[in-house]
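Working from the sequences, and respecting the hints, build out all of it.
Number of protein chains: 2
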Amino acid sequence: MTTQLLSARKGEITREMETAARSENVAVDHIQAGILDGSIVITRNNRRAIDGLAIGAGLRVKVNANFGSSRDDADMENELCKMRVAIAAGADAVMDLSTGGDIGLIRKTALAGCAVPMGTVPIYQCAADLLADGKHLMDMTADEMLAAIERHGRDGVDFITIHCGVTKESVKRLSDEGRLLDIVSRGGAIHAKWIEYHREENPLYARFDELVEIAREYDMTLSLGDGLRPGCLADATDRAQVQETIVLGELAARARKAGAQVMIEGPGHMPMDQIAANMKLQKRLCGGAPFYVLGPLVTDIAPGYDHITSAIGGAIAAMSGADFLCYVTPAEHLRLPTPEDVRQGVIAARIAGHAADIARGLPGARQRDDDMARARKRLDWTAQINLSLDPETARRRREETAPADESVCTMCASLCSIKTGSQPVS
Amino acid sequence: MTTQLLSARKGEITREMETAARSENVAVDHIQAGILDGSIVITRNNRRAIDGLAIGAGLRVKVNANFGSSRDDADMENELCKMRVAIAAGADAVMDLSTGGDIGLIRKTALAGCAVPMGTVPIYQCAADLLADGKHLMDMTADEMLAAIERHGRDGVDFITIHCGVTKESVKRLSDEGRLLDIVSRGGAIHAKWIEYHREENPLYARFDELVEIAREYDMTLSLGDGLRPGCLADATDRAQVQETIVLGELAARARKAGAQVMIEGPGHMPMDQIAANMKLQKRLCGGAPFYVLGPLVTDIAPGYDHITSAIGGAIAAMSGADFLCYVTPAEHLRLPTPEDVRQGVIAARIAGHAADIARGLPGARQRDDDMARARKRLDWTAQINLSLDPETARRRREETAPADESVCTMCASLCSIKTGSQPVS
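Residue numbers (numbering that gives the first Met the number 0), protein chains in the order written: chain R, 0 to 425; chain W, 0 to 425.
Since the hints were derived computationally from the structure, they do not count as laboratory data. Just so you know, even glycine gets a beta-carbon here, dropped at the ideal spot from N, CA and C. Just so you know, not all the hints are guaranteed correct.
To be verified - Here are the simulated lysine-lysine pairs, DSBU-like style, with alpha carbons at most 30 Å apart:
(1) R/K418 with W/K171
(2) W/K279 with R/K171
(3) W/K134 with W/K171
(4) R/K167 with W/K376
(5) R/K107 with R/K134
(6) W/K376 with R/K171
(7) R/K376 with W/K171
(8) W/K134 with W/K107
(9) W/K418 with R/K134
(10) W/K134 with R/K376
(11) R/K279 with R/K171
(12) W/K171 with W/K279
What the hints assert, rightly or not - Which bits of chain R does chain W cover? Going by a derived footprint, with three or more residues having C-beta under 8 Å, they are:
(13) 65-76
(14) 262-273
(15) 410-416
Quick look at the structure:
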């Protein structure tokens, strides 16, 4: 068993590199070189029979969708439905964030039916299992944390979020400076509290080398989580956030040196004017590692519409260097999402990613847009519908109000500008 | 009868300037100076008994919502309903773009029930009336165009879009360079075709001084329309678009000199990476006039979701200098919007405007976001709902799935990070 990175280091071109190069329409050398210098990962557990997903420099921006049970809502079928809805809507990867019911069974069943890379957050299972056993979160042991990671790797998980940047040092900086909303990452809150309770260093930091060994065994990509990400605009780009990024940069270098693939996670909630600087900072501090961002949400006051607030932030982030967008659904801050929330979230994130691909000048990214423009000029509605990101929704909206003249729509009717412009003058 | 600009020139502080200063929480001198140098307008027809709306430099970004009949759908009550829905959702201004049914009656009825500034596009009425009479669009006379403007002013319309930058010169540049999608503005297409058919200059350009006189009489703000705005990404920032902006800048200076208030309209469809440069260009070419943008839509392939594509573009535009966002609804490119489309469009545009206010550092803009962060930290759900941009939607989404523990939500349940973080360690 080897990793894409170790193969690249030996000068090998793997089947996964070739598949990625074809799907991205780039030279396989670009993929190999990117894996070698850490600016690209191909996420795929070496026990899984799926195509890997390449994420990083010079590639199409990718979209991840979360699903997963909670203690309040642990219906496995419903969660598997969300996974399928997400993939059907075009998610490039999914994460099973289950924290309720039989978490292991959900994960294994999901993996068996999932043709795209799947990520998890192993600490969630540690925590949920403890609570289910009537124990306290602080009873969690370092060995349990590592065992959960090993179990997820063995099950075939393709990438995991681990909060190893939540250290004594970064947590101290957080409490010294103070925050409006403290820690909003579940994993981050658990590790910070654990450090405080046990007066010991975060085991995922202290025993990082063991963790890297597990990751390397399965070629499970490490997604270094931002446990201290800002949860509101006021906390964005504070010392704790930046301190954590520095630590993550150091750990990324160590993981890479040991042959494990690694990406970095980022904010969170952030005013628009800070986003570009944050992307630049992360890329520099973390040696160009692929950047996986949640949001950023550009205002805190739009619960019910956070797929839109995060599409704005995600688009700017991706234009400024982020490589992988974690979707946010309209349910964020309010409830576990429904399948329809999931669909809305994926579409919004795909819009953001696609707009960024165009802005970044990714070769060929504008092709479908140009085809749409041509279809509009021809007043070819069938082509317009088919070229849409979500053809079904576009078709339904058009059909709900039928125009008298089939060549136009009910908005402009006889005053359609395309029609006016194409009429002969004489 | 005078205008805000002529009053400012005489050193007067009007009641409207005072009201605007209070509502924006800025010094009235700032408003007066902005009107004087053309960087601020207060839009309000001097026959209307409403508060004016100040738009421009150093002020909160404003949102406009369109409503109005088309030939396919000319139910006045339905359009008035959309107007009310838009205002209830927080639109700062509305435009009646009616092109079907009794357009004059719809306008007068709407104005009578509209407490915010209302704009129109007089050429739409000219065109619709001609077609209703069985005539050809090209039969339109210059006198009819000016008469429509006069009629709208007399009725109390607060601002009008006029496409006077569609000139022989700019249209020639458009056809010389060629476009994927030609002209997508209804007014722009009519004027361009009129120029071609009559082999004469656009009357709204040739007789601009008469037009300014009408505007001045009613203090009806001139919104210099971008009839040649790009309708797809491929056409963005082409010579025709920039040529038109140059002409609009010249006309803005003439209007201002004559004492009329003026703002400029902008794109359209545009890749994200071109937006900031376009805002800078417009401000420089048009002497700092308030910029009223439609979109920009940052991809062409998302019909059904263009409130999102335009929220992304609008947020970046406003962060980069745009002052007034015209909403786009999920119905754009597909049909005349429904009242619910209108509501969705207004909320999306308000998110964009608010995010930009924060990014621009508008004093106090983040207050409500900070209050939301505090409410989240307290797990105070009543406050969170009340602080939401759309409390009803937030409340409904939360109530649809009730958490077992009322202090959290069904997403994280017992693993809520705020709850974990606030627990005592011992």
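Right, here's what the structure says about each hint:
Restraint check: the Cα-Cα separation between R/K418 and W/K171 comes to about 19 Å, which is no more than 30 Å; the hinted pair holds. Between W/K279 and R/K171 the CA atoms are separated by roughly 43 Å; this puts the pair beyond 30 Å, and the hint is violated. Only pairs whose Cα atoms come within 30 Å are accepted, and W/K134 paired with W/K171 is accepted, the gap being roughly 27 Å. At roughly 23 Å between alpha-carbon atoms, R/K167 and W/K376 fall within 30 Å of each other, so this suggested pair holds.
The hinted pair formed by R/K107 and R/K134 meets the criterion: a straight-line CA distance of about 25 Å does not exceed 30 Å. The hinted pair formed by W/K376 and R/K171 meets the criterion: a straight-line CA distance of about 19 Å does not exceed 30 Å. A threshold of 30 Å between alpha carbons decides the hint, and for R/K376 with W/K171 the separation of about 19 Å falls inside it, so the pair holds. Proximity of W/K134 to W/K107 is assessed by CA-CA distance (about 25 Å); at most 30 Å being required, the pair is judged to hold.
Taken as a hint, the W/K418 and R/K134 pair is honoured in the structure, with Cα atoms around 16 Å apart against an allowance of 30 Å. Restraint check for W/K134 and R/K376: the C-alpha separation of about 25 Å stays at or below 30 Å, so the hint holds. A C-alpha spacing of about 25 Å is found between R/K279 and R/K171, which places the hinted pair at or below 30 Å, so the restraint holds. Taking the CA atoms of W/K171 and W/K279, the gap is about 25 Å. The hint holds against a cut of 30 Å.
Coverage of the region 65-76 of chain R by chain W holds. Counting CB-CB distances below 8 Å, 4 residues qualify, and the rule asks for three or more. For a cut-off of 8 Å, the count of residues in the region 262-273 of chain R with a CB near a CB of chain W stands at 3, and the three-residue condition holds. Counting residues of the region 410-416 of chain R whose C-beta lies closer than 8 Å to any C-beta of chain W gives 7; at least three are required, and the coverage claim holds.
Hint check: a violation occurs at hint 2 only; the rest are consistent with the structure.
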